[in-house]
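Undergrad: Sequences are here, hints too, so could you generate the full structure?
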Amino acid sequence: MKVSQLRCEYLDNPLGIDEREPRLSWIVTSEARGQRQTAYQIRVASDIDKLLSGKADLWDSGKVASDETVNVVYQGKPLVSRQRCFWQVRVWDKNSNVSKWSSSARWSMGLLNKEDWQSE
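The opening position of the sequence shown corresponds to residue 1 in my numbering, with each subsequent residue numbered one higher.
Rather than coming from a laboratory, the hints here were simulated on the basis of the structure.
By construction, the Cβ of each residue, glycine as well, lies at the ideal position given by its N, Cα and C atoms.
Some hints here could point you the wrong way.
[What the hints assert, rightly or not] Estimated spans, in silico, between C-beta atoms of each pair:
hint: 1; residue 1: I27; residue 2: E115; range: 18 to 26 Å
hint: 2; residue 1: D18; residue 2: S96; range: 37 to 45 Å
hint: 3; residue 1: E68; residue 2: N97; range: 17 to 25 Å
hint: 4; residue 1: E115; residue 2: Y10; range: 26 to 34 Å
hint: 5; residue 1: A32; residue 2: S81; range: 37 to 45 Å
hint: 6; residue 1: R33; residue 2: E68; range: 31 to 39 Å
hint: 7; residue 1: S30; residue 2: S81; range: 35 to 43 Å
hint: 8; residue 1: K55; residue 2: S81; range: 18 to 26 Å
hint: 9; residue 1: A32; residue 2: V80; range: 36 to 44 Å
hint: 10; residue 1: I48; residue 2: I27; range: 33 to 41 Å
hint: 11; residue 1: D67; residue 2: N113; range: 34 to 42 Å
hint: 12; residue 1: E115; residue 2: Q5; range: 30 to 38 Å
hint: 13; residue 1: V98; residue 2: N71; range: 16 to 24 Å
hint: 14; residue 1: D67; residue 2: E19; range: 22 to 30 Å
TA: In structure tokens:
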């Protein structure tokens, strides 16, 4: 099975989102007939190097028994204005085989608080 087309709030690598608990989505494909996702794991990090080395400092969902691939709500550490987030997903199939981690994707937070806005 392969995980691809990672989306955050329905967008590809969005910038400046204002949703404090963004919804994450992905597509799973398999060459094996009748395969399906039975579980997933999401990891989110504040830095691409941390993510790629397996250090999910913002959120690691752990293995979640679910076939959901759309609108999975971020449940990690509170996100702040201008926060950059890098993420990946892997899934398990009906035979308990785990996929490779997906390619990384990212999103960044916008200005979330009134005091973050300044004018000159």
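Undergrad: Now look at each hint and say whether the structure bears it out.
TA: For each hint, the structure was consulted:
no.: 1; hint: I27 to E115: 18 to 26 Å; result: violated (39 Å)
no.: 2; hint: D18 to S96: 37 to 45 Å; result: holds (38 Å)
no.: 3; hint: E68 to N97: 17 to 25 Å; result: holds (19 Å)
no.: 4; hint: E115 to Y10: 26 to 34 Å; result: holds (29 Å)
no.: 5; hint: A32 to S81: 37 to 45 Å; result: holds (44 Å)
no.: 6; hint: R33 to E68: 31 to 39 Å; result: violated (22 Å)
no.: 7; hint: S30 to S81: 35 to 43 Å; result: holds (39 Å)
no.: 8; hint: K55 to S81: 18 to 26 Å; result: holds (23 Å)
no.: 9; hint: A32 to V80: 36 to 44 Å; result: holds (42 Å)
no.: 10; hint: I48 to I27: 33 to 41 Å; result: violated (22 Å)
no.: 11; hint: D67 to N113: 34 to 42 Å; result: holds (36 Å)
no.: 12; hint: E115 to Q5: 30 to 38 Å; result: holds (36 Å)
no.: 13; hint: V98 to N71: 16 to 24 Å; result: holds (23 Å)
no.: 14; hint: D67 to E19: 22 to 30 Å; result: holds (23 Å)
Of the numbered hints stated above, those contradicted by the structure are hints 1, 6, 10, listed in ascending order.
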